[in-house]
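So the chains spell out like this:
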Amino acid sequence: SQQGEEDPQALSIQEGENATMNCSYKTSINNLQWYRQNSGRGLVHLILIRSNEREKHSGRLRVTLDTSKKSSSLLITASRAADTASYFCATDLSNSGYALNFGKGTSLLVTP
Amino acid sequence: NAGVTQTPKFQVLKTGQSMTLQCAQDMNHNSMYWYRQDPGMGLRLIYYSASEGTTDKGEVPNGYNVSRLNKREFSLRLESAAPSQTSVYFCASIPWGTEAFFGQGTRLTVV
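Protein chains in written order, with this note's numbering: chain E, 1 to 112; chain A, 1 to 111.
For the record, the hints were derived by calculation from the structure and aren't laboratory data. Take these hints with a grain of salt, some might be off.
Claimed, not checked - The calculated DSBU-like cross-link candidates involving lysine-lysine, where the alpha carbons are at most 30 Å apart (straight line), are:
1. Lys9(A) - Lys70(E)
2. Lys26(E) - Lys70(E)
3. Lys14(A) - Lys57(A)
4. Lys9(A) - Lys57(A)
5. Lys57(A) - Lys26(E)
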C-alpha cells in the first residue's frame, strides 16, 4: 500500500492566491520529498525535508514536517498559472533500503 | 549529461506479446527503480535495484521481470503483456538519501 496520502485530491485557485496541500504517512521516515508533475511529463523534484527538520523554504515554496503527527504540508505562495500541475509527496521507508513511496497526488489548477 | 533516458517513449502491444523497456542513467548512481503510474493511483514501485547485481520486488511486481545489466542500465520486461499493464512507466535513479531523478516515461498500451 502507498505510504503517503495527499489532501486534497484536487485544488482550484486563482493567480496570486496561496495553495496548501497536505501529506500524511504511516511509518517512520528518514526524509520526505515533494515532486511536481506537469501533464504527460516526468516528475521533477521540488524540495526534501529531513526527519529532524521542521520547516524548509525554497523560493515560493514552504514545506513543514510534523513527525509526531506523521504529516507534511506544501505551501505555494503567490501562485501563477504555470504552477498548474500535480504535486506528490514521497517518503522513504527507513527500514527498507532507499525505496521512495509516492502518494496519489494533489492536482492543482491555477486560473488567471 | 542526459540524466535518465528511457526508451521507447510510446508502445502499443497486443495481449500476450512481450517487450523490454530500457533505462539508462549517466550519473553513476547505485540505485535504480521502475514505477508505474495509473490515473488516480500515483506512482507504484514495481522493482528496484539497490546496486549492480541486485534486484528486489516492490509493491506491484507480478507480470514483470527486471535485469540490472550494469551500473548504468536497468531494464523492465513484460513477458506476456496484459491489458492491466496499460500504464505509464517511469524509471528513476536515486542516490541514497536524496532526490529521485526520473526519465520522461514510457506510455504503454496493451490491446
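Exercise for review: Tell me, in ascending order, the numbers of any earlier hints that this structure violates.
Suggested key: 1
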